[in-house]
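Chemist: Starting from the known structure of chain E, arrange chain Y on it as the hints suggest.
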Amino acid sequence: MEDEAFTDISGKPITLDCQSHSSFCREFTVSSPKVSIGKVMVYTCSVWLVAYSVFFFTQNTAVLSSAIIVTLVGMMLYIHFVKVDHESLLVIGSLGLQVSSTYASGREVTTFIEMDKIRDIVINEAIYMHQIIYYLCVLMKDQSEPNGVSGVVPLFQSSKPRLSCLVKVYKSCQEVVSRCQ
Amino acid sequence: MVLKIFFPQCCNRADSGLLVGRWVSGHDSAVVLAVIHYPFIPGQVKQYIQQLQAQSGVELSVLGSWSLPKEGQEGLESFIRDLSTIFPQEPWLQISRQVGKTGFTCEVLGRDQIGKAAQQEEEEDEEKVIFVHYEQMKVMLSQLHPIESQNPDNRSEPPSELRQMFQTVARSELLFFLDRYDDGPLKSTHWQSEGREASIIVELLKRASVPLCVFISWLLSVWTWFCNIRIFSVFPLSFLSSKLSTCVQLNYRTEHLRTLSSPRAAEGHMEFMRKANILVSVLVDVALGVLLMSWLYRDENISTLAHTLVPAADHVARQLEELLQWLMGAPAGLKMNRALDQVLGRFFLYHIHLWISYIHLMAPFIEGILWYGGLSACLGLTFALSLLSDMVALFTFHIYCFYVYGARLYCLKIYGLSSLWRLFRGKKWNVLRQRVDSCSYDLDQLFIGTLLFTVLLFLLPTTALYYLVFTLLRLVVVLFQGVLHLIVDFINSFPLFSVGLWVCRSYRLAEGVKFRVLCDEPGTALHLLMEMNPLRFGSVLQTYRTATYSCYPKDSWGALVRKLFIGELVFPWRHKTTKTD
Numbered sequence: 001m002e003d004e005a006f007t008d009i010s011g012k013p014i015t016l017d018c019q020s021h022s023s024f025c026r027e028f029t030v031s032s033p034k035v036s037i038g039k040v041m042v043y044t045c046s047v048w049l050v051a052y053s054v055f056f057f058t059q060n061t062a063v064l065s066s067a068i069i070v071t072l073v074g075m076m077l078y079i080h081f082v083k084v085d086h087e088s089l090l091v092i093g094s095l096g097l098q099v100s101s102t103y104a105s106g107r108e109v110t111t112f113i114e115m116d117k118i119r120d121i122v123i124n125e126a127i128y129m130h131q132i133i134y135y136l137c138v139l140m141k142d143q144s145e146p147n148g149v150s151g152v153v154p155l156f157q158s159s160k161p162r163l164s165c166l167v168k169v170y171k172s173c174q175e176v177v178s179r180c181q
Numbered sequence: 001m002v003l004k005i006f007f008p009q010c011c012n013r014a015d016s017g018l019l020v021g022r023w024v025s026g027h028d029s030a031v032v033l034a035v036i037h038y039p040f041i042p043g044q045v046k047q048y049i050q051q052l053q054a055q056s057g058v059e060l061s062v063l064g065s066w067s068l069p070k071e072g073q074e075g076l077e078s079f080i081r082d083l084s085t086i087f088p089q090e091p092w093l094q095i096s097r098q099v100g101k102t103g104f105t106c107e108v109l110g111r112d113q114i115g116k117a118a119q120q121e122e123e124e125d126e127e128k129v130i131f132v133h134y135e136q137m138k139v140m141l142s143q144l145h146p147i148e149s150q151n152p153d154n155r156s157e158p159p160s161e162l163r164q165m166f167q168t169v170a171r172s173e174l175l176f177f178l179d180r181y182d183d184g185p186l187k188s189t190h191w192q193s194e195g196r197e198a199s200i201i202v203e204l205l206k207r208a209s210v211p212l213c214v215f216i217s218w219l220l221s222v223w224t225w226f227c228n229i230r231i232f233s234v235f236p237l238s239f240l241s242s243k244l245s246t247c248v249q250l251n252y253r254t255e256h257l258r259t260l261s262s263p264r265a266a267e268g269h270m271e272f273m274r275k276a277n278i279l280v281s282v283l284v285d286v287a288l289g290v291l292l293m294s295w296l297y298r299d300e301n302i303s304t305l306a307h308t309l310v311p312a313a314d315h316v317a318r319q320l321e322e323l324l325q326w327l328m329g330a331p332a333g334l335k336m337n338r339a340l341d342q343v344l345g346r347f348f349l350y351h352i353h354l355w356i357s358y359i360h361l362m363a364p365f366i367e368g369i370l371w372y373g374g375l376s377a378c379l380g381l382t383f384a385l386s387l388l389s390d391m392v393a394l395f396t397f398h399i400y401c402f403y404v405y406g407a408r409l410y411c412l413k414i415y416g417l418s419s420l421w422r423l424f425r426g427k428k429w430n431v432l433r434q435r436v437d438s439c440s441y442d443l444d445q446l447f448i449g450t451l452l453f454t455v456l457l458f459l460l461p462t463t464a465l466y467y468l469v470f471t472l473l474r475l476v477v478v479l480f481q482g483v484l485h486l487i488v489d490f491i492n493s494f495p496l497f498s499v500g501l502w503v504c505r506s507y508r509l510a511e512g513v514k515f516r517v518l519c520d521e522p523g524t525a526l527h528l529l530m531e532m533n534p535l536r537f538g539s540v541l542q543t544y545r546t547a548t549y550s551c552y553p554k555d556s557w558g559a560l561v562r563k564l565f566i567g568e569l570v571f572p573w574r575h576k577t578t579k580t581d
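Protein chains in written order, with this note's numbering: chain E, 1 to 181; chain Y, 1 to 581.
No wet-lab data here; the hints were simulated from the structure.
Check before you lean on any hint, since a few could be wrong.
To be verified - With a straight-line Cα cutoff of 20 Å, these simulated EDC-like cross-link-like pairs (lysine to aspartate or glutamate) come out:
1. Y:K128 - E:E27
2. E:K171 - E:D3
3. E:K117 - Y:E194
4. Y:K514 - E:E27
5. E:K117 - Y:E511
6. E:K141 - Y:E148
7. Y:K514 - E:D3
8. Y:K128 - E:D116
9. E:K117 - Y:E148
10. E:K141 - E:D120
11. Y:K128 - E:E175
12. Y:K128 - E:E114
13. E:K171 - E:D120
14. Y:K514 - E:E114
15. Y:K514 - E:E108
16. E:K117 - E:E175
Said to hold, decoys possible - Simulated restraints, written as ranges between beta carbons of each label pair:
17. Y:S506 - E:Q19: 26 to 34 Å
18. E:P154 - Y:I200: 49 to 57 Å
19. Y:P263 - E:S23: 51 to 59 Å
Claimed, not checked - Which stretches of chain Y does chain E cover? Using the computed rule of at least three CB atoms under 8 Å from a CB of chain E, they are:
20. 160–170
21. 504–516
Only a predicted model underlies this, so the values are computations on that prediction, with no experimental measurement involved.
Ideal Cβ placement from N, Cα and C applies to all residues, glycine included.
Chain E on its own, in the form it takes in the complex (with noise of 0.2 Å):
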């Protein structure tokens, strides 16, 4: 079980963990910097600022409250739908791959693609204005073309970490998939 520092595509610091379950069961999560609190309070701070001017303007008590409810429920929504706190991927040989993200609430969406469909695991390169962007991604087969490609599942896609750490996971990936095919 490693854990290491790397950076994401904005320069944000993110962890790798690698774990070895057995010679052909890995899983790898990259977990992002968590919610900082200096950021929710900046926010929350201004949202009762301007709601405490617009009542003093108005003198009507329903703007306060409902400034006080709209920040509640805006974070609500926000750590349970938006922020995502880890990644994982665990791949077990001749099985499949199970790719999750896990929410700063705790939710988990989990999601198994299993071996049969998988024709490989590749880190493909994507333009982006003026960035060329690293990601790594599953291609799937295709059930009509042997040699065609159906689909590409990307992974890591909230973390987005950079070509050091993808490199890694990739070599690590592919030990596991061809000792298994």
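Modeler: Positioned in the frame of chain E, the structure of chain Y alone reads:
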């Protein structure tokens, strides 16, 4: 290659015995279904397995041996090891577990090694086995989505490993009927070995449903005979019955009841869910309708409603008259053409006068109509709403007429204007080539054409204003009817049973599986726990929505605006045939 063994969680503490299951072809994996305990007679085991294979169609076989040694059972080990000679199979699995340790050990004996003394396998073979623990009840009852068609000829490639595993467990229901209270020669452990559970209410309902289905199908046959009487095929009635939403809803529900009352049990998951959703939808509909009736028929609500309807209609008529008077004057500061204005205004005023006399004629009967119409709510809320929509359409018939007159006039004017504009520029519409061509007109043609063009152009604001006002009124009515139809459509198509299943027994609708690594000791085989990944709510709605007759406009928004601009008549809904998703 890595060997995958799907092991049920209920057998983790089973006594030593034989493993019964199935080898999944082509994937190097085995599904263990049950453990048959010592003491047993091998011949009887073989017979039992062959009997089950014939009845269920699953290729069951003895996979190997399972040993969980307890005190006083030392000799069992060698006995069970020697069984590999009696059941010659492909690889023979010897799974053993020590009380107190969490891991299993597994030895795989190939065909050529059966019969030899148990040899020490190399260490690395132990690590090439994966134990996937699954909960048998959940796997048996759950259905993997997307659902593949049952017909094996249609499928191009064989089903995936997980699907085959799910199908194996689902089809081996007969194996799970043998519980420990049976007095047979064999004792086995599986998820139902503690005793089969059943519900008395469910069994009673199953018994009661047969005569009920017969009765409902008899009722339906009487109703169908009544509907097919020749008099209903005469032109006006058949046209009306296709336009009235009540009749359409009646037909729709009759189809549903016909599906429900068929004596055949549902085969396949989709048909079962469809029947269940239809049944729950009909019951909810009737319950809501009865609720509406209980509100309507108490405290003289009907007479209150009837006594407010006629004054409301009077009020609407008066508002319309005021509107027309305003249009006949100088509406919004625009100067209208006096003659045309008076003609159109007087024509519409007379129409309103006719309609008001018709309403006053009907006034004494309204309460009766409402009373009998309210009775239709006992068939369901959807019928009451469809009836309401039809009554609204009937009572606003004059608005529909005004709209049609205004639209036709406006449409004619626009066509005339566009054609004369082309003449003004020296062009012509070529019908043969469907395009605009240049044309040389005579002088008198040009003269009359230009004159008519100016006349029509200056009369345009008047007609356009009348058209605008009546189109807006018509759209308001159409909006109200649209809301009613939306509610009816929602009650018809919402799969309440599937949503209830998703809430209470979410493992039955599975999008896939998820694995968790169970804490293992290094050097032993890998243990994984397989759990159901429940379907998302959106997918539940999409998969199980009941097909309904379409009430959505078949024009896109752009086409609708274009039609309104030109003056073509807009029919917001045409009932297409049943929409299948």
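Chemist: Compare the structure with each hint and give your call.
Modeler: Evaluation of the provided hints:
{"no.": "1", "hint": "Y:K128 - E:E27", "result": "18 Å, holds"}
{"no.": "2", "hint": "E:K171 - E:D3", "result": "17 Å, holds"}
{"no.": "3", "hint": "E:K117 - Y:E194", "result": "39 Å, violated"}
{"no.": "4", "hint": "Y:K514 - E:E27", "result": "14 Å, holds"}
{"no.": "5", "hint": "E:K117 - Y:E511", "result": "16 Å, holds"}
{"no.": "6", "hint": "E:K141 - Y:E148", "result": "18 Å, holds"}
{"no.": "7", "hint": "Y:K514 - E:D3", "result": "24 Å, violated"}
{"no.": "8", "hint": "Y:K128 - E:D116", "result": "19 Å, holds"}
{"no.": "9", "hint": "E:K117 - Y:E148", "result": "16 Å, holds"}
{"no.": "10", "hint": "E:K141 - E:D120", "result": "9 Å, holds"}
{"no.": "11", "hint": "Y:K128 - E:E175", "result": "15 Å, holds"}
{"no.": "12", "hint": "Y:K128 - E:E114", "result": "18 Å, holds"}
{"no.": "13", "hint": "E:K171 - E:D120", "result": "12 Å, holds"}
{"no.": "14", "hint": "Y:K514 - E:E114", "result": "11 Å, holds"}
{"no.": "15", "hint": "Y:K514 - E:E108", "result": "11 Å, holds"}
{"no.": "16", "hint": "E:K117 - E:E175", "result": "18 Å, holds"}
{"no.": "17", "hint": "Y:S506 - E:Q19: 26 to 34 Å", "result": "29 Å, holds"}
{"no.": "18", "hint": "E:P154 - Y:I200: 49 to 57 Å", "result": "52 Å, holds"}
{"no.": "19", "hint": "Y:P263 - E:S23: 51 to 59 Å", "result": "57 Å, holds"}
{"no.": "20", "hint": "160–170", "result": "holds (count 3)"}
{"no.": "21", "hint": "504–516", "result": "holds (count 4)"}
Hint violations for this structure: numbers 3, 7, all remaining hints satisfied.
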